[in-house]
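Trainee: Protein chains in written order, with my numbering: chain A, 1 to 308; chain B, 1 to 308; chain C, 1 to 308; chain D, 1 to 308.
Because the hints were derived from the structure by calculation, they are not lab data.
Quick caveat, the model's predicted, so the values are computed rather than measured.
Errors might be hidden in some of the hints.
Identical chains blur together in the list; that is why a pair holds if it fits in one copy or across any two.
[What the hints assert, rightly or not] With a straight-line Cα cutoff of 25 Å, these simulated SDA-like cross-link-like pairs (lysine to any residue) come out: (1) Lys177 with Pro110; (2) Lys269 with Pro152; (3) Lys302 with Leu208; (4) Lys269 with Asp237; (5) Lys177 with Pro284; (6) Lys177 with Thr295; (7) Lys177 with Gly287; (8) Lys95 with Gly75; (9) Lys76 with Thr145; (10) Lys177 with Arg270.
There are 4 protein chains.
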Amino acid sequence: MTLITSESKGVYVIAVTPFNEDGSIDSHSIDSVTDFYFEKGADGLTILGMMGEAPKLTQAEALAVTRQTLARASGKVVVVGVSAPGLAAIEELTKAVMDMGAAGVMVAPPSNLHTNEQIVAYYSQVVEALGPDVPVVLQDFPLSTTVQISIPALGQIIEACPSIVMVKHEDWPGLAKISALRQAEAQGRRRVSILCGNGGIFLPEEMLRGADGAMTGFGYPEMMVDICRLTASGDIDRARDLFDAYLPLVRYEQQPGVGLGARKHVLAKRGAIRTATQRRPGAPLAGDAIQEIETLITRLEKRLAELG
Amino acid sequence: MTLITSESKGVYVIAVTPFNEDGSIDSHSIDSVTDFYFEKGADGLTILGMMGEAPKLTQAEALAVTRQTLARASGKVVVVGVSAPGLAAIEELTKAVMDMGAAGVMVAPPSNLHTNEQIVAYYSQVVEALGPDVPVVLQDFPLSTTVQISIPALGQIIEACPSIVMVKHEDWPGLAKISALRQAEAQGRRRVSILCGNGGIFLPEEMLRGADGAMTGFGYPEMMVDICRLTASGDIDRARDLFDAYLPLVRYEQQPGVGLGARKHVLAKRGAIRTATQRRPGAPLAGDAIQEIETLITRLEKRLAELG
Amino acid sequence: MTLITSESKGVYVIAVTPFNEDGSIDSHSIDSVTDFYFEKGADGLTILGMMGEAPKLTQAEALAVTRQTLARASGKVVVVGVSAPGLAAIEELTKAVMDMGAAGVMVAPPSNLHTNEQIVAYYSQVVEALGPDVPVVLQDFPLSTTVQISIPALGQIIEACPSIVMVKHEDWPGLAKISALRQAEAQGRRRVSILCGNGGIFLPEEMLRGADGAMTGFGYPEMMVDICRLTASGDIDRARDLFDAYLPLVRYEQQPGVGLGARKHVLAKRGAIRTATQRRPGAPLAGDAIQEIETLITRLEKRLAELG
Amino acid sequence: MTLITSESKGVYVIAVTPFNEDGSIDSHSIDSVTDFYFEKGADGLTILGMMGEAPKLTQAEALAVTRQTLARASGKVVVVGVSAPGLAAIEELTKAVMDMGAAGVMVAPPSNLHTNEQIVAYYSQVVEALGPDVPVVLQDFPLSTTVQISIPALGQIIEACPSIVMVKHEDWPGLAKISALRQAEAQGRRRVSILCGNGGIFLPEEMLRGADGAMTGFGYPEMMVDICRLTASGDIDRARDLFDAYLPLVRYEQQPGVGLGARKHVLAKRGAIRTATQRRPGAPLAGDAIQEIETLITRLEKRLAELG
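Starting from the given sequences, assemble the full structure and let the hints guide the process.
Mentor: Next comes the structure, spelled out in C-alpha cells:
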C-alpha cells in the first residue's frame, strides 16, 4: 500500500462520481473514468471530494465507490475525501478507506470555524482522532468552505500536526501563500506537499512558485499533466502556450455548479463516462451552456493543432 | 406507531445524548434521561438534534441511540433529527428511523442556501425524497444555520410540501413570524403545528401568539410543560411568574457552546444522566461557569418556593 | 475635556437618536434624552452606535447630533461611534468629534475581516491613522459584525495598540473572555476598561467576572446603574433581585430590529423622547408587540414594588 | 446632461482612483486616466466603485474626484458609485453628484440583506429616496457583497423600480441570469441595460447571451471595447481570438486584492497613471507578482502581434 507523503508530486485528479440517468451509481463508468484518468497521465486520484458529489452519496455508496476505484487503480495512489460535520464520522470513514488501501484522506474545515485558534484546534483534533499513521491532506478552499486559513495559522497547523503531509491549495488569491509556505521551509520548517486546485486556473504561476503539482479536476486532465511535466523540465513557454489554449475552457469549468455539468459533459463526450448525469439536486446543463462548451472545445482542438 | 401531525401540541424536549467520561455513549443514561423527560411531563422527545450532539455520532451510533430511545419511550412520540449535507444520507437515515418507529423527522436547511427559491426547492426535494408518508419538521433556526427563511418563503414551503406538518420555530426575533403563520391559516392556508425553540426564552409570548408548544431543551423541562399548560388554561399570570423564575437560567443555557455544558450539568445534578460529559470537541465547563450555574439554581429554587 | 482611559468604570448608555415622525432629527429630544440618561445615573453616553441608528444619518447630521449632545452633556463623558467602511472616513469623523470635545471614539471591525492577522492589522491601522492621543473603544460584537475576535487576537491588539483603552464587550457567549482578559492583566499585561453590551443580559455575571461596567442601551438605564453600584458594593443578592425583575424586558429589548422599537417605545412612554419613531428603514412596532411590552412594564413595576 | 437609460450599450470602464505615493489623491492622473479610458474607446466611466477604492475616500474627496472626472469627461457619460451603509448617505451623495452632472448612480446591496423580500424592499427604499429622475444601476456582485439576488427577486425589483435602468451583472456563475432577464423581456417585461463585470472574464459568452456591454475594469480597456464591437458586428471568431489573448491577464487581474495592484501596475506602465499606489490598507504588489504580470504582458503583446 502506497501512502502519500510530504514529498508527493504530480497530478492527482479530483475524480467525478458517475451516475446513471436514474441517479444510481454507474459502476461501469467508475472503471472507465479511472482508466481514463490514468491513461491521460494522472499520478493519482482523489475521490469523494466536493466535485465528486460526495455529500450526495450514502455512506454505503461512498464505501462502494472507494472499493471499486481502489480495485481498478490496482496499486496506484487514491486519496479519499472524508470531510464530515463530526469527528466520529471522519474517523469511521477514514478507518474504512485506509483499511481498503487508500493512500491518505482529505479533510476540509467545517464552515463554523472562524478564528485561527479554532482552525488550528480543529486540525489537531482530526489528526489526533485519526492517529499518526494516516496521511492527511488539508483542503484549503475558502471560497467553498468560508473558512479563511491565514499563513501563520497554516504554519501552526503544519507544526502541530506531522501527519498532515499535503495541502490541497485552493485559496484564491493564493499565490503568495505558496511562496510563504516554501519560504518557511527554506528557514527550517518541515516540508509539505502542495498540490493546487481551483481547476488549475493558476497552474503555471503556482508551479513556478513552488507547488508540487495539481489536485483538481478538468475535462482534459492531460492539461495538468503537461503543465506539470513542462514546468518541471523548464520548458515554461511551451507550458504557458498549452495552458493558454485550455484556459477558456478551464475558466468555464471553474464556475460553481455549472462547472461540474461542463466537466461531466466533456468527460462523457470523450468516452470516460457514459452520461453527464449529476445526482440530484444537481441540474442538467441547459442547451445554451452545452453550445458554449462545444464552441470552446472546437476552438481548443484547433488551437492545440496549431501548437502542434 | 404514532406520527406527529399538523395538530400536534405540547412539549417535545430536545434530548441530550449522554456520554461516559471516555466519550463513549452512556446507554444507561439514555434510559434514565428518557424516563426523566417523560416524568417531568414531556409529550414527546426530539433526538439527534444539534443540541443532541448528533454530528458527533457515527451513523451506527445514531441508529443505536434511536433504537434505544424508542424502546424506552414505549410508544410515546419521538422525532429524530436527520439533517445531513446530502439528500441520500437524509433519505437513508429517515428510512431507518421511521422503520424503527419514529414519529417524524426534523430537517434543518444546509448553510449554502440563500435565496427564497433555493430554500423552497430544497424542502421540495427533501419531501419528494422522503415520500408523502413521513411527517417532517422544518427547523427554522437562522442563528445556527445562517439560512434566513422569510415569511413568504415559509408559506410557499408549507403550500408545496404537505408532509411538512410542523415548524420548529427558532427564528430570532420571530414572534411576528408566528402571528403571520396563524394569520395565513385564518385566511385558508392549511395548518402547521408550531413548536418553539431557542431554549424557551420567549415561550410565554410565543404561546400567546399561537404556538402549539415547545420543542427545545432545558435542564428543567417542567418549566416548558408548566408554561404550556398554564397558558393553554388561561392562567397567564401564573405562567409568567414561573417563567420569570426560570428565566435567569434559561438565559444562561441559551449561550451557544457553554449552554449545552450548563444543561448537562443541571441534568447530571438532577440525576437524569450520570455525567455532564460532552463528546469532543465539546469542552467541559470551567469552574467559574459551574459556580454561576449553581448560584442560578439556588436562586431558582428559592424563587419557586416563594411562588408556591 | 475628559477622556476615557483604561481605568474608566461605570455605565455609558448607548444613546438612541430621536426622530420626529417625518424622519427628521428631533433636536428637542436630543436634549431631553441626554438629561434623562444622566438623571438616571449614567456616567457617560455613547452616541452614533448601531442602536443609535448612526448609519441612517448623513455626515452633517452625525456631526450636529454630536455637537448638541456634547453641549447638553456639559462636560460629562461622551464617546462617539465612528465605524465606517474606510479609514479615511473614520479619521475624518474622529478628528471632527474629538475637536468638539468627545471623550473617545468607538470602532467596530468591518465584516470583511476573517483571520486573526487581518483583525490585528485593521486595529493597528486605525490606531495609527487616529494618532496616539485619541482613546479608542474596540467594539467586540460578532453577532452583528460577523467578526470573531479570539482571546489571543484581542490580546495582540491590546499589546500593539496602546490607545485602545476600552473594550465594549458583547461577544456572546463571552464570560470566559472577560476572565481571560483579567487573567492576562494579572500576569502583567496592561489594563483595559471592559464595559459590557448585549443589553445587559449577562450584567451580574459580567461584573463578577471583572467587568468595569456597562456600555449598552435599555429603556430603564437605572437597571445598569443599580447593578453596577450594587455589585461594586458587594450587595450581590440585591443586584440579582433587581436584575431578575428587569430581565424579561431586557430579553425583549435584545431582539435585533424589534428591540430598538421596544426601547424607543419605553423611552417615549417615560418622557425621555417625544416619539418612538425610527428613521426608515426601521419599521414601527406592531400592535401586538406594543401590548407585549406594556405587559412586561406592568409586571416590572409590580415586581420592583415588591422588592422595595 | 446625458443620463444612462435602459437602452445604454457599450463599455463603461470602472475607473481606478489614482493616488500619489504619500496616499493623497493624484489629481494629475485623474485627468490622464480619464483621457486614457476614452482614448481606448470607452463609452463611459463608472467612478467610486469598489475597485475605485471608494470606501477609502472621505466624502469631500469623493466629491472632488467626481467633480474633476466629470469636468475632464466633458459631456461623456459618468456613473458614480454611491453605495453606503445608510439611505441618508446614499441620498446625500446622489444629490451632490447628480447636480454635478453624473449620468446615474450605482448601488450595491448591503451585506445584511438575506431574503428576497429584504432585497426587494431595500431597492424600493433606495429608489423612493432618490426620486424617479435619478437613473440607478443595480450592482449584482454576490462574491463581494454576499447578497444573492435570485432571478425572480431581480425581476420583482425591475418591476417595482422603474428608475433602475441598468444591471451591473457580476453574479458568478451568471450566464443563465442574463438569458433569463432577456427572456422575461421577450415576454413583455420592460427592458434593462445589462453591462457585465467580473473583469470581463465571461465577456464573449455574456454578449452572446444578450448583454449590452461591459462595466468593469482592466488594464487594457480596449479588450472590452473590441469584444463588444466585434460581437455586435457578428465577428465572433475574431472576438474570441482577441479575448483568448487577453484571458491570462484578465484572470490574473480578477484575483481579489492582488488584482487591483495588477491593474494599477499595468495602467502605470502604460502611462495612464503616474504610480500604481493604492491607498492604505491596500498593499503594494510583491516582486514576484510584478514579474508574473510582466510575463503575461510580454506574452499578450506577442500574441496580439500574431493575431494582427
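Trainee: Taking the hints in turn, state whether each one holds.
Mentor: So, going through the hints one by one against the coordinates:
1. Lys177 with Pro110: both (21 Å within a copy, 23 Å between copies)
2. Lys269 with Pro152: neither (44 Å within a copy, 33 Å between copies)
3. Lys302 with Leu208: Cα proximity of Lys302 and Leu208: across copies only (21 Å, versus 27 Å in one copy).
4. Lys269 with Asp237: between (30 Å within a copy, 23 Å between copies)
5. Lys177 with Pro284: This pair counts as between: shortest inter-copy Cα distance 16 Å, intra-copy 36 Å.
6. Lys177 with Thr295: between (35 Å within a copy, 20 Å between copies)
7. Lys177 with Gly287: Close across copies (14 Å), not inside one copy (39 Å); limit 25 Å.
8. Lys95 with Gly75: For Lys95 and Gly75, the Cα distance is within 25 Å only inside one copy (18 Å; across copies 37 Å).
9. Lys76 with Thr145: Neither: 29 Å inside a copy, 40 Å across copies.
10. Lys177 with Arg270: This pair counts as neither: shortest intra-copy Cα distance 35 Å, inter-copy 29 Å.
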